Structure formats: C-alpha cells, structure tokens
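These protein sequence lines map, in sequence, to chains A and B.
With the first letter of the first sequence counted as 1, position 58 gets the number 57 in numbering that gives the first Met the number 0; the numbers rise by one all the way through.
With the first letter of the second sequence counted as 1, position 122 gets the number 121 in numbering that gives the first Met the number 0; the numbers rise by one all the way through.
Derived from the structure by calculation, the hints contain no laboratory data.
Accuracy of the hints is not assured; some may be wrong.
To be verified - Below, computed lysine-lysine pairings styled on DSS-like, alpha-carbon distance capped at 27 Å: (1) B:250 with B:304; (2) B:271 with A:271; (3) A:151 with B:236; (4) B:174 with B:320; (5) B:271 with A:260; (6) B:121 with A:271; (7) A:247 with B:291; (8) B:247 with A:304; (9) B:304 with B:96; (10) B:320 with A:271; (11) B:250 with B:136; (12) B:274 with A:260; (13) A:300 with A:254; (14) A:247 with A:260; (15) A:136 with B:4; (16) A:274 with A:96; (17) B:247 with B:304; (18) B:247 with A:250; (19) A:250 with B:254; (20) A:274 with B:96; (21) B:291 with B:121; (22) B:250 with A:271; (23) B:194 with A:247; (24) A:136 with B:46; (25) B:194 with A:236.
Stated by the list, open to error - So these bits of chain B aren't anywhere near chain A, every CB distance computed over 12 Å: (26) 228; (27) 252; (28) 291; (29) 320.
Remember, predicted model here, so these are calculated numbers, not experimental data.
Heads up, the beta-carbon is just placed ideally off N, CA and C, and yes, glycines get one too.
2 protein chains.
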Amino acid sequence: MPNDKPRIAVDAMGGDFGPHIVVPAAVKAAREGVAITLVGDEDSIRKELAANSAGGLDIDVVHTTQIVEMEDKPADALRRKRDSSIQVACRLVREGKADGVVSAGNSGATVACGMFVLGRIKGVQRPALASVMPTEKNPVVLIDVGANVDSKPSHLLQFGLMADVLSRDVLGVEKPTVGLLSIGEEEGKGNAMVKDSFDLFRSSDLNFIGNVEGRDIFTGDVDVVVCDGFVGNIALKLSEGLAGSMNKIMKRELKSSLLSKLGAMLSMRAFKRFKKVVDYAEYGGAPLLGLKGLAVVCHGKSNPKAMTNAILMAATFVTNKAHEHLAAGLDAHQSLSNGAGSGEHNSAA
Amino acid sequence: MPNDKPRIAVDAMGGDFGPHIVVPAAVKAAREGVAITLVGDEDSIRKELAANSAGGLDIDVVHTTQIVEMEDKPADALRRKRDSSIQVACRLVREGKADGVVSAGNSGATVACGMFVLGRIKGVQRPALASVMPTEKNPVVLIDVGANVDSKPSHLLQFGLMADVLSRDVLGVEKPTVGLLSIGEEEGKGNAMVKDSFDLFRSSDLNFIGNVEGRDIFTGDVDVVVCDGFVGNIALKLSEGLAGSMNKIMKRELKSSLLSKLGAMLSMRAFKRFKKVVDYAEYGGAPLLGLKGLAVVCHGKSNPKAMTNAILMAATFVTNKAHEHLAAGLDAHQSLSNGAGSGEHNSAA
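Looking at chain A on its own, in the form it has when it is part of the complex:
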C-alpha cells in the first residue's frame, strides 16, 4: 500500500466487453478517491484511459500478455495462464502492491486464482462468495452463492461470521440479523446439514434469528442469509432470471398498445425507481471472503455502473478494516468451528 488510500487492482480484460467497459468504470472510481491499478493489455488500457480523460488520477497500469477466456477451466487458467490479467492482479495483492482485486472475468477462474494466489486467512476452512442483493428495504447479504458445495455445519458458521462483518463494515448495519436458509422457520425444519448447523449458530455471538425461508430473502427483514453454495447459487441465478423475465414481460406488455405505451411514458420515473430497486448493478460484485486480501467477482455482463460499484465496495471493505474484523471474528469462534470438522475442499468452480 503506497499510501492511506485503498488501492484496487482491476482486471481490465475481464467481462464480456473488456477494457471498453472496465476502464471507464475504474476511472469513475478513481475520481471518487480510490487508487487504481489496471491490469491487462497496456495498449488497449491506455487507449481507453485517453478516451476517458483520466489524466491526473491515481491510476497505474500493469501490462499482461494472457487472457482467461470465459470457457477456460479454472485449473487451466491457474496453471497455464500465469501472465493472465486476473492472476497477475491477485499477485499484486499478495505482494502488498494492492489491497483488493476486482474482476468481471471467468468467475470460476477468479475464485480459483483468489484461493490459490492469495491464500486463506488463518482459521478459514472455506472461503465463500457473498452476494449483496436489493430488497424492499435494506440490502441483504446471501452467502455462499457458489464457491462451495456440500458444506458442513462449521463451514456455514464461518460463512455467517464473515457475512456479518461484510454487513457491518460495508453496508453499515450495526448488529446484522443472521438467518439460516431452510424450508420452515421452526428449529428442526430443514435438511440434515441445516439441522446440524442450528445449534452452532445459536451458540455463536451472531445475532442469530433462526431459520428463514426462501420468501424471507427479499423482504429486507433479515440482513444476512446463510446457505450452502449449491443452494445459494441456484437462489441467486433464479432471482436474476426471474427479475429479468418480469422486466421483459412488463416491457413487452407495455409496448403492446398505443395506450399502454403512453401510460408507460407518463410512469417513466416510477419505472426507473422500480428498476433501481431490483437492479443488481447497484451493488456490483460478489466479494469472495476469507482470503488474505479481497477478491470481488463481478458478473460477466456487468455494466460500467456495476463495475464502479464493485470497486467502491472493495475500497470500503479495505478502508473499514473489514479484514481485521473478519479474522478476529473467526478467531473468537475457533472452538465452535472446530467442532464439526473442516473436511476436504470441494470447489464448485
């Protein structure tokens, strides 16, 4: 870290549109006070920087020669593309030259590079992907959304502890409520894994409110929802898909007659506010928690706003010393987490 400002390494080649989307987004974050290191093909990056009048901003460029494609397998990306933008960006964090990394590239490869290049915080059994999602009221953190499958109760407890810190330090929630995602609110409802996790959560320092159901995620009445990555990934993609479908159907219906078109025009401001509430871009990416350094995984289709917000989220995470709080929280619960076995790591990537 060259100075007090958080420095975020940004994978300029990631996402479906690469530097053309990523660089303007990074420039915008730099204007808001984040130090940026853009990692990728230097020529393309410089061209975009010039086009976005980035002179005078705290933006470094690190040239790399390889790109991880969307269809590359994570293990291959790790072994065969050592000079890829995402791997080099992670290395900058490991070497202390940046505080966090943001990528909209191949998610599996980003997770794998994060895991193996950065390494886990001591005591972390499995790093987990958290997703910050909009609700009717405050945003909710859903964890894990796909870094792990077949998790054990002790893993789930750690997911909850890490998301609790995210909710406090990044979203500013004072004492986040934490729920276990299940299929009934009463204790004793759920599958074997959730039932076995209940007592661990109850014994922890978390503000545990018991089981929550699928319908509770979007009410905004719970701040952190904990689940295995298989369930969380399905929930996340289902939500994205359903919100997208509903928007599409609504647009189609509103265009179906002159009258409804006129009506839609008059209600434009309402629609914009509606879109803002259901818009994932508001929050940007999914932070991979539990590593020595933060990695934020963005959607491949991220627009500039989503990328900028992901970079700002990473910066807030660093500024508010979330890492120290995370390590302390895990440490305080070591005896609980060790109870139920750490098991081997089943990466879903």
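Fit chain B to the supplied structure of chain A, relying on the hints for placement.
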C-alpha cells in the same frame, strides 16, 4: 367412481378462509363438469352452496367434525384428528369414492395424510410435490418442492419420471424436456448428489437435456426441472417472495405521483396481462405425485381462482389416466431406480 366424470374430494375447511373461499371455487369447477365431494362442516358448506346457487350440480357433501389447524404438527393431525376434513377426504379416495383430493389446509398435514392414508404406488420410493410455475413461454414443472429432503439419485430419477407424466398428461407437452437443477450446465458441475444423478437420467427414457441453472427455470426453455425438496422449496418460496416484492414495489412507485398514477391507469390492461403471467393462481396447487390417488396441495392463501384451477388440474390428471402412465413409467425404469438405493424416508413435513 360413480361414473365417467372424475370426482374430486375437496377439503372445504382448508385454507385461510375455509368454506367461504373453497365452496364457491368448487361450485365453479362443478359447472365445468367435475363431480365434487365437499368434505367438512356440513352446515357451513350448505350455507355457502345455497349462496352460490349450486342446485342441480353434481356436488356431494360429507360431514366431518374436526379441523386441522395451520399450526398442528402433521403427525398429530394424522393420529389425533381422524375425523378431520383432510383425512376423511383422503379416505374417500382410498375407498374409491373419489379420484383425487384437493386441500388448501396445513400443507405438512396434507402431505402426511396423502402419504399414510392413500399409500404409495408400488415401486415409488418417495412421493414428491410438483409445482407448475408460469414462465415467459410455457409453464414449467418444478419437482420436488418440499416433500423430501436429503434425496438420493434414485429418488430424483423417480421425481423426473413422475413430472414427465404430469407435463404430458396435464400440460399437454408432447415430449417434455427434463433438466437437473444444478450450478453449472456442464456434466460434472453440482453437488455430490446431482453429479451422481446425471448418469441415471442419461440412461433413462426421459428427454434429458442435462443440468439447468436457476436462471433457466423461468425462461420456459425446459419443461421439467428436477431437484431435492430442500432446494425446490427454497426456489419456490423465493420465486413467490420475489414476484410479490416486485409487484409491491411497482405498485408503490406507480402511486407515488399523479403523473405515474395516470400512466398506470392508461397501462392497466398491460399490467393485468403482466400479473396473469406471474400469477401462481393460474395453476392452482402442487400435486403430490406417487400416491395411489392424487392429492393436490394448495397455498393457504389461495383465492377462488387458484382453488378452481387446482380442482380442474386434478380432474384432468384423472381423465387423462396419468396414474396409469405414471405407474408404467416407474415400472419401466425399475432397474435404474433400484441401483442407487431407496434409503429411509426423510419427510420434510
């Protein structure tokens, strides 16, 4: 069965509003040619029948003295409330006096009564709840949405076989496409249970298209989506919750100014069509498949339209001999289903 018309036993006391909602819904189904047996408190039922001018329709009434409350435990409902409307309705099916049962009462109790009073079709390891959900195009069948947790691969295959019949016989899909719900499309993505199920599905006669993801459920590109009941129940409730939240937010925004109110009025028809697409009431209830006789579980908050549609769905199921097709399909795949062990039954109810 007194004649060719399917006869459906309807739990008149079920749902948040009992006979007041259920009886008019049943009357409407009777007008469309379904023979009905209303089960519950005779006085209340007769009053509602009179209020809905049901004279001349093929509607029987069977009096019962007990009601399963929403907070009753399924096992208690089964043991201590033998004269409850839901248990008696199931008994009518077992005794051949009705062809199917529809209830909006306590879901867990309905599932338990179905399981224990009706019994399983020979060869069925675990009956499963199917949900028919609206999409951008054709409806999709999601199975299991909560009758089982910790399912095994052979259970999942049977869920797929049963939902395939539902899709053909009730929704009229000629050769339904069947997908396994997972967290990546490629074979080998998913948790241990899904990975172990993939080959079973591939070896079956199903029109198996491989893994599908959460985002694929609502595109309408797959007819049947198979998953464990823990995942399916979360997916179902999440969808209901998200669709409800989006509707609520949209309404709030549209009422926020005079201009947007006016716009909303002009677009009213479009909104109505939108609601129709995302409205679960279109399809009614969730059929519990694999029993000797059909039980359809409806949402406690079901409106009359949802109840009527659930009764019509049950009648179509019977008319099209779905039960025979279901038994035949399971029989043809017996060697596959027996491979991966049936295991003990973990009811989620």
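Cross-check of the supplied hints:
no. : hint             : result
1   : B:250 with B:304 : holds, 22 Å
2   : B:271 with A:271 : holds, 20 Å
3   : A:151 with B:236 : holds, 24 Å
4   : B:174 with B:320 : holds, 17 Å
5   : B:271 with A:260 : holds, 15 Å
6   : B:121 with A:271 : violated, 55 Å
7   : A:247 with B:291 : violated, 41 Å
8   : B:247 with A:304 : holds, 26 Å
9   : B:304 with B:96  : holds, 25 Å
10  : B:320 with A:271 : violated, 49 Å
11  : B:250 with B:136 : holds, 24 Å
12  : B:274 with A:260 : holds, 17 Å
13  : A:300 with A:254 : holds, 25 Å
14  : A:247 with A:260 : holds, 15 Å
15  : A:136 with B:4   : violated, 50 Å
16  : A:274 with A:96  : violated, 38 Å
17  : B:247 with B:304 : holds, 21 Å
18  : B:247 with A:250 : holds, 17 Å
19  : A:250 with B:254 : holds, 19 Å
20  : A:274 with B:96  : violated, 52 Å
21  : B:291 with B:121 : holds, 9 Å
22  : B:250 with A:271 : holds, 13 Å
23  : B:194 with A:247 : violated, 33 Å
24  : A:136 with B:46  : violated, 44 Å
25  : B:194 with A:236 : holds, 19 Å
26  : 228              : violated, 7 Å
27  : 252              : violated, 4 Å
28  : 291              : holds, 26 Å
29  : 320              : holds, 32 Å
The structure shown violates the earlier hints numbered 6, 7, 10, 15, 16, 20, 23, 24, 26, 27.
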